[in-house]
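Chemist: So you can see what is in the structure, the chains are spelled out below.
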Amino acid sequence: MKLNYYPGCSATSTGQELDLSVRAVLAALGVELQELEDWSCCGASSAHATNRALAVALPARNLAIAQRSGLDLLAPCAACYSRLKTADYVMRHDATKKGEVEAQVAFEFTGSYQVRSPIDVVVRDIGLDAVRSRVLKPLAGLKAVGYYGCLLVRPPEVVAFDDPEHPVMLDQILGALGMEVCRWSYATDCCGGGLNLTKSSVAVRLVGRLTQFAREAGADAIVTACPLCQMSLEMRQTGNGSRMPVVYFTELMGLAFGLKETSGWWKKHLVDPRPWLGALAAGGA
Amino acid sequence: MDTTFSAQVNELSEQTIELCYHCHKCTAGCPVAVEMEFGPDRVLRLIQLGQKDRVLGSGDIWVCASCETCATRCPNEISVAAVMDALRAISMAEGYATPEPDAPAFHRLFLGIVGRFGRMHEASLMMIYKLKTRKLMADMDSGIPMILKGKIPILPHRVRGMNEVKRIFRETGS
Ligand code: SF4
Ligand code: SF4
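Which chain is which? The protein sequence lines are A and B, in order. Going by this note's numbering, the first sequence runs without a break in its numbering and finishes at 290. Going by this note's numbering, the second sequence runs without a break in its numbering and finishes at 377.
Certain hints may be false.
Partial chain A-side listing against chain B, Cβ under 10 Å, derived [unchecked claim]: (1) THR19; (2) CYS46; (3) ARG137; (4) GLU239.
Restraint-style ranges between C-beta atoms, simulated for each label pair [unchecked claim]: (5) A:SER268 to B:ARG363: 27 to 37 Å; (6) A:ARG97 to B:THR336: 35 to 45 Å; (7) A:GLY223 to B:ARG361: 39 to 49 Å; (8) B:ASP205 to A:ARG248: 47 to 57 Å; (9) B:ASP205 to A:ARG220: 43 to 53 Å; (10) A:ASP99 to B:GLN211: 38 to 48 Å; (11) B:ASP344 to A:GLY223: 27 to 37 Å; (12) B:PRO302 to A:GLY263: 47 to 57 Å; (13) A:TYR94 to B:ASP256: 43 to 53 Å; (14) B:SER345 to A:LYS265: 24 to 34 Å; (15) B:SER345 to A:VAL173: 25 to 35 Å; (16) A:GLU266 to B:GLN211: 51 to 61 Å.
Simulated from the structure, these hints should not be mistaken for lab results. All residues carry an ideal CB built from backbone N, CA and C; glycine is no exception.
Between the sequences and the hints, there should be enough to build the whole structure, so can you do that?
Modeler: Structure (structure tokens):
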């Protein structure tokens, strides 16, 4: 399998562990990634919060590059995925806007590709059996909750590949790695990541709720797929108690696959996950 | 009743806010309603009543986290999230003063950097944002480790197709 790959700004800076682990894990599963040539920013929250035309045209430039090769476009960052998918949705469903965007970006939309998220590709294309058979070191004993956040499930008609109120695919992947996935009701509650820098008091309150609910569910860590959630969840934990590790599901896949690169990822975290990973019998960290 | 404002919001957001019957479901699920002055459904009511200054003068439009929960659950398929986007765009275009000035300042800066390099450059963003909002020491406890861990590049990357990016900014009136 070969895919177009859009790393995005977050996953190549503050959320590097995501880009690094997605590349390593998909390579281990035999997926070839072709980085989108000269990709540009998707506009993130700032474009859609302030200029609706720009919010479609900026990601559309990347769609224009993707359709040259016609391969499906993989966006590991949930926020980029949501912006690319929204632009793609507009191009497919709104003929008037499509014409405007084609003029702004100077291309002709063919739609010969789909925008994809790694969770979706791992479960639907690669399959949980293939994941299971690649596991060298089952993650038995590690207790965590799976956390989707907002952007991979809402609005469902545009972005969702899983149930918007009760998504299960992330938990299925973690289960396939041998983890103990704790059940909780907050997998799609907002962490306030979009307000992390502009109104951090809100992020502090929402992150406080999520970590408390995760603890009550019996989890020692939160597993996410979004670099904005990951950063907000690590940065905005307050209080004197120890902070809960927040890791990407692809990092755990790398650990279970026995990839040697994993140790480099753990070092990049603001909350060091290695004490938690020490719970693994074989001492995976 | 003056419908100029509601017509403006409907057009930009592509919603029909008159369909709202104030069941309150959006507000019940809104993660930041407690931080808001009005909350999502009352913001819609005020738009229906033509209260432009009260809506755009309130911090609510910048406190909205764009989580899309309201849009997912509304029985009348109204996206309050899209309405919030439209209100922010109007507020910025028409220069409304707001009790939450950090958010529009951040978005302007963010887009300024993307318009210049084609990609985000976090170091520039954080530095200028801190100077603008005069919060120089905020978040240094996470910013400095991120730089030390090599997560925030010091130098920006510039997209080769900057003429294309600049064209997009120009053509979309930003
Ligand atoms: S959920 Fe929809 S109908 Fe109900 S109050 Fe909110 S916008 Fe109005
Ligand atoms: S999108 Fe905004 S208004 Fe709607 S539920 Fe989320 S935070 Fe509240």
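Chemist: Hints first: check each against the structure and report whether it holds.
Modeler: Taking the hints in turn, this is what the structure says about them:
Annotation: THR19 (chain A) was flagged as interfacial toward chain B, and the flag holds, the nearest CB pair being 5 Å apart, inside 10 Å. Checking CYS46 (chain A) against chain B by beta carbon gives a least distance of about 5 Å; that is within 10 Å, so the hint holds. Hint on ARG137 (chain A) is violated. Least Cβ distance to chain B is approximately 32 Å, over the 10 Å limit. Proximity of GLU239 (chain A) to chain B holds as hinted, the smallest CB-CB distance being about 8 Å (cut-off 10 Å).
As the Cβ distance of SER268 (chain A) to ARG363 (chain B) is approximately 35 Å, the hint placing it in 27 to 37 Å holds. The given range of 35 to 45 Å is respected by ARG97 (chain A) and THR336 (chain B), whose C-beta atoms sit roughly 39 Å from each other. Between GLY223 (chain A) and ARG361 (chain B) the Cβ separation comes to about 48 Å, which falls inside the hinted range of 39 to 49 Å. At about 51 Å, the CB distance of ASP205 (chain B) to ARG248 (chain A) agrees with the hint of 47 to 57 Å.
The hinted window of 43 to 53 Å between ASP205 (chain B) and ARG220 (chain A) holds, with their beta carbons roughly 51 Å apart. Separation of ASP99 (chain A) from GLN211 (chain B) is about 20 Å and departs from the stated range, judged on CB atoms against 38 to 48 Å. For the pair ASP344 (chain B) and GLY223 (chain A), the beta carbons lie near 29 Å from each other, so the given range of 27 to 37 Å is met. A hinted range of 47 to 57 Å for the beta carbons of PRO302 (chain B) and GLY263 (chain A) is consistent with their spacing of about 53 Å.
Checking the proposed 43 to 53 Å range against TYR94 (chain A) and ASP256 (chain B) shows it is violated: the Cβ atoms sit about 34 Å from each other. At about 28 Å, the CB distance of SER345 (chain B) to LYS265 (chain A) agrees with the hint of 24 to 34 Å. SER345 (chain B) and VAL173 (chain A) have their C-beta atoms about 32 Å apart, which keeps the hinted 25 to 35 Å range intact. Take GLU266 (chain A) and GLN211 (chain B): their Cβ atoms lie about 52 Å apart, and the range 51 to 61 Å holds.
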